[in-house]
Amino acid sequence: MYFATFVTCIPFKQIIGVNKNGQNMTQNIVIIGAGQAATQAANSLRQGGYNGRLVMLGDEGIAPYQRPPLSKAYLMDTIDLERLQFRGPDQWEKDNIELRVNDPAIAIDRENKKVSTKSGEVLSYDKLIIATGSRVREIPCEGNQLRGINYLRTLGQSDDLKTDLANAKSIVIVGAGYVGLEVAAIARKKGLEVTVIEAAPRVLARVAAPIISQFYENLHASHGVNIMTNCGVSGFKGDTKVEAVVLSDGREIKADVVLVGIGIIPNSEIAAEAGIICNNGIDVDENARTSDENIYACGDCSNRYVELFDVRMRLESVHNAIEQGKLAAANILGQDQPKLDTPWFWSDQYDIKLQITGLFNGAIQHIVRGNIDENKFAVFHLDAQNRILAIDAINSPAEFLVGKKLVAAKAKLSPEQISDVSIPTKELPNLAASA
Amino acid sequence: MAKITFIEHNGKEHIVDANGGNIMEAAVKNNIPGIDADCGGACACATCHVYVDDAWLDKVNPVGTMEESMLDFAEGVSPNSRLSCQLAVNEAVDGIVVRIPASQG
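Keeping their order, the protein sequence lines are chains W and F. Letter 407 of the first sequence, counting from 1, is numbered 406 in numbering that gives the first Met the number 0, and no numbers are missing. Letter 62 of the second sequence, counting from 1, is numbered 61 in numbering that gives the first Met the number 0, and no numbers are missing.
The set of hints was computed from the structure by calculation and includes no laboratory data. Accuracy of the hints is not assured; some may be wrong.
[Stated by the list, open to error] Using 30 angstroms as the maximum straight-line C-alpha spacing, the simulated BS3-like pairs for lysine-lysine come out as follows:
no.	chain 1	residue 1	chain 2	residue 2
1	W	Lys117	W	Lys189
2	W	Lys161	W	Lys240
3	W	Lys236	W	Lys253
4	F	Lys2	F	Lys58
5	W	Lys425	W	Lys409
6	W	Lys236	W	Lys352
7	W	Lys404	W	Lys338
8	W	Lys409	F	Lys2
9	W	Lys168	W	Lys425
10	W	Lys188	W	Lys240
11	W	Lys112	F	Lys58
12	F	Lys11	W	Lys117
13	W	Lys168	W	Lys253
14	W	Lys338	F	Lys11
15	W	Lys352	W	Lys188
16	F	Lys11	W	Lys352
17	W	Lys112	W	Lys93
18	W	Lys188	W	Lys117
19	F	Lys28	W	Lys93
20	W	Lys253	W	Lys161
21	F	Lys28	F	Lys2
22	F	Lys11	W	Lys93
23	W	Lys338	W	Lys411
24	F	Lys28	W	Lys161
25	W	Lys338	F	Lys2
26	F	Lys28	F	Lys58
27	F	Lys28	F	Lys11
Everything numeric in this text was worked out from a predicted model, so none of it was measured.
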C-alpha cells in the first residue's frame, strides 16, 4: 500500500508524455498560427517541461509580435518593430521551436494526425493547437477596392496606414470600435482632420455601456474629432484612389485616406473543413479542447464557455489568447489547470487609459465612482441583485485591479457603497457580500 | 548596453544583455519565466511585477503616478516592488539585479 502511494507521489507530471508503461506519448506538437495565442502555447509548453518537437506555422512572414500597439504606439512611431516582437531573433531556435513564418497550414487530416502546409510539407502531430486568430471584416460596398482604403490588423497594414496618414490631410474612419477610436486619436495627434462614421447610435456600442460611450464621444469631440453616429456607409468615390465616403443618406464626406474597422471574423475554416465542430469560431471546452480530443483551439479563432458569466462566446482579447494558450499547454502536459482570470480589456486613446474587467451584458445599474469631469473615475455595472458584472476604469488602475477581484468573486456592493469615495477602494472587497 | 540579472523565485539566475527598451522586454525577449507582461508594456495589467534589489532602487527611473496606483494593488507588493515595463534600460542600470515573484497574481 505504501509503495503504491509512493509511486503516485513521484512527480509524474514532470515525466512529460510518458504513460505508466514508460512509453512516450506526446512527442510531436504542431501549432497552426504564430500570433499571441500560439506564442503563449509554445511558451507554456516549453516552460512546463515539454521537450519534444514543436512546430509553429505562420503566414505573416515575420516572427510573432503583439498586435495592440499597431493602433497605438507603433502607429505613432513611439515604438519600433523590434519592441513589438515577443522574443529576440534567436530565442525561438534556442528553445528548439521550429518557427516557420511563411508556411501556413492548409489542411488537417485528423484520421492520420497530419497537417499539410502551403509548401507541400506534411507534418505529423500527437497534439495539434489551432491558433489561427481572426481576419478583418471587409466592407461590402461600391468602391471598396479603391486605393487608400485601409484595414488594421497586421503589421503590414499598420505600415500602410502610417504611410497614408503621413501623406493625408483628412481621414474618414468607418466604425467606432476600439480600433477606429484609437486610430482617430493617433490621426488627430498627427494633425489630420478626423471624421468617424458609426452605424450604431453610439460609439463602442458592442463593447461598452452607454455612459462610457458618452464619455468617449465627448473626449473625441474635445480633441476636434467629428463623430457621426447613426450613419451607414453606402460606398466610396474616387478615381483610382479614394476621395470621398458616401453615406447611406447620400451625403459625401471628403477623405484623403480611409480606415475601416468593423469587426473581425474567426479563422475557423481549416477546422470546419476537417470536421471539427464550429459555431461562430471553433468550439472548445474549459481546457481549450475541440471536439477532437487531440486538437486544441486558442484565441480569436475559438469560442469558449465563460463560467463566470454562464455564457459561451468568442472573447476577442489578448487576455483570452494568453489564457487559452496556457490552458491548452497545461492540458496537453497533464498539469493542473492554471488559475483563470476574469475577462479583461484595455484601450489607450489620448491621455486616457481605459481598463475593463468583466462583461457588462445584463447590467441594469451603472454606478459612477470618482469624478467624470477629472477624467478619473470608474463605472461599476451591477445586475438587479447588486452583483458586480463589470467595471470600466478610466485612468483608475486601483479600481481596475480591485475590480478584478470583485468581479471574480461575483461580489455584491450597493450603489451607495460604490459611489462613496470616502470608503477606500482597497476596502471594497471586505464590504462585499458574495453572490 | 546593460547587463541585467533576473533571479526566479526558485533561485535560478539568468543574466541577459539589453540594449534600450525596458526591463520587462529584456525578460520577455529572453524567455525568462515568471514575468507575464500580459498587456505588452502598456502599464495596464501589473503582471510584470519585479522586486528591485535594494542597491539598485535609486538607480532606476522614478515611479510614475499610473505605475504607483497599479503597484498599490498588485499581489505580494513590497517597498522594492516595481512594474518592470516602466523600468528603462540604460547605463545607470548596468548590473542591476531583480527578483521575480512567485506569481503574477
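Which numbered hints are broken by the structure, listed smallest first? Violated hints: 1, 6, 8, 9, 11, 12, 16, 18 and 25; rest satisfied.
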